[in-house]
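Number of protein chains: 4
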Amino acid sequence: MRTPPGTRADYAYFQSHTTRWSDNDVYGHLNNVVHYKLFDTTVNEWLIRAGLLDTRASPSIGLVAETGCRYHGEMSYPQRITAGMRVAKLGNSSVRYELALFADDSDTASAEGFFIHVYVDAATHRPCPIPADVRSALEGLVK
Amino acid sequence: MRTPPGTRADYAYFQSHTTRWSDNDVYGHLNNVVHYKLFDTTVNEWLIRAGLLDTRASPSIGLVAETGCRYHGEMSYPQRITAGMRVAKLGNSSVRYELALFADDSDTASAEGFFIHVYVDAATHRPCPIPADVRSALEGLVK
Amino acid sequence: MRTPPGTRADYAYFQSHTTRWSDNDVYGHLNNVVHYKLFDTTVNEWLIRAGLLDTRASPSIGLVAETGCRYHGEMSYPQRITAGMRVAKLGNSSVRYELALFADDSDTASAEGFFIHVYVDAATHRPCPIPADVRSALEGLVK
Amino acid sequence: MRTPPGTRADYAYFQSHTTRWSDNDVYGHLNNVVHYKLFDTTVNEWLIRAGLLDTRASPSIGLVAETGCRYHGEMSYPQRITAGMRVAKLGNSSVRYELALFADDSDTASAEGFFIHVYVDAATHRPCPIPADVRSALEGLVK
Chain A
0 MRTPPGTRAD YAYFQSHTTR WSDNDVYGHL NNVVHYKLFD TTVNEWLIRA GLLDTRASPS
60 IGLVAETGCR YHGEMSYPQR ITAGMRVAKL GNSSVRYELA LFADDSDTAS AEGFFIHVYV
120 DAATHRPCPI PADVRSALEG LVK
Chain B
0 MRTPPGTRAD YAYFQSHTTR WSDNDVYGHL NNVVHYKLFD TTVNEWLIRA GLLDTRASPS
60 IGLVAETGCR YHGEMSYPQR ITAGMRVAKL GNSSVRYELA LFADDSDTAS AEGFFIHVYV
120 DAATHRPCPI PADVRSALEG LVK
Chain C
0 MRTPPGTRAD YAYFQSHTTR WSDNDVYGHL NNVVHYKLFD TTVNEWLIRA GLLDTRASPS
60 IGLVAETGCR YHGEMSYPQR ITAGMRVAKL GNSSVRYELA LFADDSDTAS AEGFFIHVYV
120 DAATHRPCPI PADVRSALEG LVK
Chain D
0 MRTPPGTRAD YAYFQSHTTR WSDNDVYGHL NNVVHYKLFD TTVNEWLIRA GLLDTRASPS
60 IGLVAETGCR YHGEMSYPQR ITAGMRVAKL GNSSVRYELA LFADDSDTAS AEGFFIHVYV
120 DAATHRPCPI PADVRSALEG LVK
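Residue numbers (numbering that gives the first Met the number 0), protein chains in the order written: chain A, 0 to 142; chain B, 0 to 142; chain C, 0 to 142; chain D, 0 to 142.
Hints may be right or wrong, so weigh each one.
To be verified - In silico negatives: residues of chain D with every beta carbon more than 10 Å from chain A: (1) R7; (2) W20; (3) D24; (4) V25; (5) G27; (6) N30; (7) D53; (8) P58; (9) N91.
As the list claims (entries may be wrong) - Think about it this way: if two alpha-carbon atoms lie no more than 25 Å apart in a straight line, the pair counts; the simulated DMTMM-like pairs of lysine to aspartate or glutamate are: (10) A:K142 with C:E65; (11) D:K142 with B:E138; (12) B:K88 with D:E65.
I should point out that these hints are in silico values taken from the structure, not numbers from a laboratory. Virtual Cβ for every residue (Gly too), placed ideally from N, Cα, C.
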């Protein structure tokens, strides 16, 4: 049986997103790909605003190893979307973020997914431990 | 000599946009294409929120005939962008919108462009006059 | 232990894709979202070219219920990408496509994922059986 | 009076592009933004394949100063698109590319536009002369 959609209370951090004309596909709803754009944006913006990621200078960066999304309901431009985020699994070199998208003021997720970052050396792209400051911040998002 | 960038006072209507991770290109700045996504989004969202466009039901719709953009300065994710809009030319069946993009709190446009809609019958795609209610609303944006 | 990447022999249908400047992110590789654009494109183009989907007229359409992707290796513009596709599970109203992306002439997948379509009535968006002609064609892709 | 659409004979270099499901907007045709993605892709791929651009290592790079597009006719996924390119103006530090998009086997452009690159130092982003090898190659595209 399918897991029921999550609510805002299930998530630890929230970020607002505007939608775009080009997000709607021929059926008049958000194309399934847009959800991943918002996952990506939410994770990285949290990292950048927390001072944990400088794409030009950080010695280690997160590469995306696996992502997934279940679509519960349709959303469409020009709705506003709030992304909820939590950390579900924190390993030595990888972190599993879980994310949900809420349309306008809805408390029920229209979609839920995950996003796994594996930390690698920025130059060699070989796996490395999650930096201590990143790990410490991620612990605050575990839920 | 190049025209200096416009300021917020040059525009009549404003709309806020969030940026996305995928908006930045390999040089770390907003890809030149993103500007057009925001132009498109601003024009159509204004029309939709004013009750002047229902993409499924309106008997006539605006098709894009010509667009253009001058890039004054670089912007980048995760900046917020405010789009300014004005109506520069209002013909029988076409309208020329002019738009500007302002990064975060800047009063100087990082980019300015235009977007020409030609109204066509939704079924036949043959040119038709701008509907009276749309024309009336557009007149309020002339600047 | 992680499943090793698949090869072309594991897939039943192939489609070529060009990449775009805006596909590369700030790290100089294909953004993780692009993979889903290619999955989506491959499934729907197969349907359209087989005469099984007319987005304007088909009485039933496939809505995306769940998607996922594992990233094995990096790809980048201007590489050409071949998408491989197979049908892994064919239910009454849903189908699970599995897809792989191969960079240039590589026989090893750079990414593998899945894409689940649930058939719904085009007007009401209520689940309905997969149309007989679609089902018959899908059976030819089971692998 | 509007200039008639160009033909393939008006252009000097050609590049093939596949379209994507997400390129079509709610009206079922290529969103006006996609044209710019193909312009961008064509110019940079020509530069990269000619050995004239390494986005990570080139000492000078082209920044986009101005772009524009006139839309003559509609195109839609899953059509193939051929981009035609020519050099219209070659200055000391800037080059004006002109581009056209041809749907499938059509000899009449569905859209025509331009794309102005200003060469800048990759580190400081200050204007600099077009490198000699780039200039020499661009001269071969003047038409």
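Provide an ascending list of the numbers of those earlier hints which the structure does not satisfy. 2, 3, 4, 5, 6 and 11
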